[in-house]
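Participant: Residue numbers (numbering that gives the first Met the number 0), protein chains in the order written: chain S, 0 to 307; chain Z, 0 to 323.
Don't read these hints as lab results, they were simulated from the structure.
In this text, all values refer to a predicted model and were calculated from it rather than measured experimentally.
There may be inaccurate statements among the hints.
[To be verified] With beta-carbon atoms standing in for the labels, derived distance ranges: (1) Z:145 x S:201: 49 to 55 Å; (2) Z:153 x S:146: 57 to 63 Å; (3) S:275 x Z:229: 21 to 27 Å; (4) Z:267 x S:97: 33 to 39 Å; (5) Z:177 x S:7: 57 to 63 Å; (6) Z:145 x S:169: 23 to 29 Å; (7) S:94 x Z:79: 56 to 62 Å.
We put the beta carbon where it would ideally sit given N, CA and C, even for glycine.
One-letter residues, chain by chain:
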Amino acid sequence: MIEFLQQLINGLSQGAIYALIALGYTMVFGVLRFINFAHGDIYMLGAFAGFYTAPKLLSLTGGGPSYGGAALVLVAAMALCAAAGVIIERLCYRPLRAQPRLTVLIAAIGVSLFLENGGQFFFGADPQAFPEIIADSAIELPASWGEFASLTLTIGQLIVIGSTIVLLAALRTIVKYTRTGMAMRALSLNPLAASLMGVNTDAVISFTFAIGSALAGAAGILTSIQQPSIDPLMGINAGLKAFVAAVLGGIGNIPGAALGGVIIGVLEALVVGYINPTYRDPLVFAVLILVLLFKPSGLLGKAEREKV
Amino acid sequence: MKKPKTLLLIAIALCAAASFFTGGINPYYYDILITIGINIILAVSLNLVTGYTGQFSLGHAGFMAVGAYSSAWMTLTFGFVLGTSLPATGGVYLIALFGGGLAAAAAGLLVGVPSLRLRGDYLAIVTLGFSEIIKGVIQNAEPLGAQRGLGGMVQHTNFFWTYAVVALAIYGILTLVHSTYGSGFLAVRDDEIAAEAMGINTTKYKVLAFVIGAFLAGVAGGLYAHFKQFIHPEGFNFLKSVDIVVMVILGGMGSTAGVCLAAVILTILPEFLRTVSDYTWLPGPVRDLAENRMILYSLLLIILMLTRPQGLFGKMAFIRGKKS
């Protein structure tokens, strides 16, 4: 029981990361109907943005690890990733918008490979140690909790889960209660009708890429707090898992992406804890295939009919 | 192509004749020559799936892995059943090549069936997922060497067998897609809904394309395993699949000649770039960039999609389809 709870906690903090990345996939799919293959690599860029800005930003707030400094690093990484996302959309996806989806998909794979290999070229291929921006340590649980006191819960895990909840709430506010959010929803319902109603589609698509990429950047920083070893290929695996999470929740559906991320994270932790760590990646893909076979619209998504 | 069968026989005879002269070739060039052959088989087979049938697959290396591992396992287990003479072990090798192809074809059937319900992006991810699952299974299979890799195969693959398979693969695919029966593949690619409305069993064609493509990839894997004499699960990862996809896209989807040419170019290019990185008179960054062929590949993909999405030699029935 204790072990199960422990795996649940580990899974939840990993799932929060997947959820943040999955949101980017699902939002871009919502407005453009295509899978941004390069999204996982934006997450990698986020981690490296933190890696390079952290020493400067931490010295602004006194030098050592601190919450204020960590927040600055988080914001900086989010801003840099948002810019990267917007630039990629502008240069590589916008000119192809009228082309068949396959062309865009191949271009996206090209962007993804470019970021991975360019990352190896510019950042170095070897894993780097992410600077300590928050003093991470296990929290002492009160002895009065009985056997539950033996659970390991770290500050890092709490911060990851807490920040994810805050970011999700912020995203929900933007999508539900702002004009831009309304435009995003309109665009995902019917792009042509939205543009006829005066929605500036280009601006809204750029905004969607900015938000999605910022969330991926935040995920990059939050991961690095827990696992301070970053490398240019870290985005491949995380990106694929997050994509599975987005499909599981119903691609195009924002709460679904968050739910899917948590489910995948917990499932992974359980496989690692109870079966065999090497089955972790195959299992996630098996989930993907099962979902696509039996419920292609995902847990919360609506089925779409192909129109002739 | 008036007499394709004669052409095939001539091609195989040429391979046999040429194989008498390969003994003296510098081992480095011989290695490149065989790799070119294997890559042509892989690219041509993926072209049937992606170029002719329009099903984007990112898991071709997975089928290659199935073929490589099952044929290697067969020759390692049954290699000396018929005796230790060269004809005996060679016979087992040929059976193993075929068996590896069949195993990969079975895997192709497994991937093809779910593909009925998916298209485009989803199919790409599912095939990628399948190849990751295959890799995961191999990494956990003790009889296949798990994460240590599998070695000890006898080097049976030579110039003749490689290029005989190349000739057979090109012949088989060209005659198939140019037959009346084979126009179903093109119909599925050009407009699936219209094809279905005309009474074409689109599902059957898609699965068939997957199975044939996987079979050829499996044979290519068998050739590879018995040439390198050592295979490792990481040799069949996502990047290997991307390599094959780049060949098909660069060559032009649905153009067998273009794809063959692209396979040749993309096999030689990294070797050429490696020599470029030895030219000390070039500025450092240029040499570094030349060493990292994947950066060039990725830029090539992006620029190609932006400027010439049909590939260098593509005929472009592919893009003519619906927009959106």
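Participant: With reference to the structure, classify each hint as holding or not holding.
Facilitator: Evaluation of the provided hints:
no.: 1; hint: Z:145 x S:201: 49 to 55 Å; verdict: holds, 51 Å
no.: 2; hint: Z:153 x S:146: 57 to 63 Å; verdict: holds, 59 Å
no.: 3; hint: S:275 x Z:229: 21 to 27 Å; verdict: holds, 25 Å
no.: 4; hint: Z:267 x S:97: 33 to 39 Å; verdict: holds, 35 Å
no.: 5; hint: Z:177 x S:7: 57 to 63 Å; verdict: holds, 58 Å
no.: 6; hint: Z:145 x S:169: 23 to 29 Å; verdict: violated, 46 Å
no.: 7; hint: S:94 x Z:79: 56 to 62 Å; verdict: holds, 60 Å
This entry does not satisfy hint 6, going by the numbered hints stated previously; all others are met.
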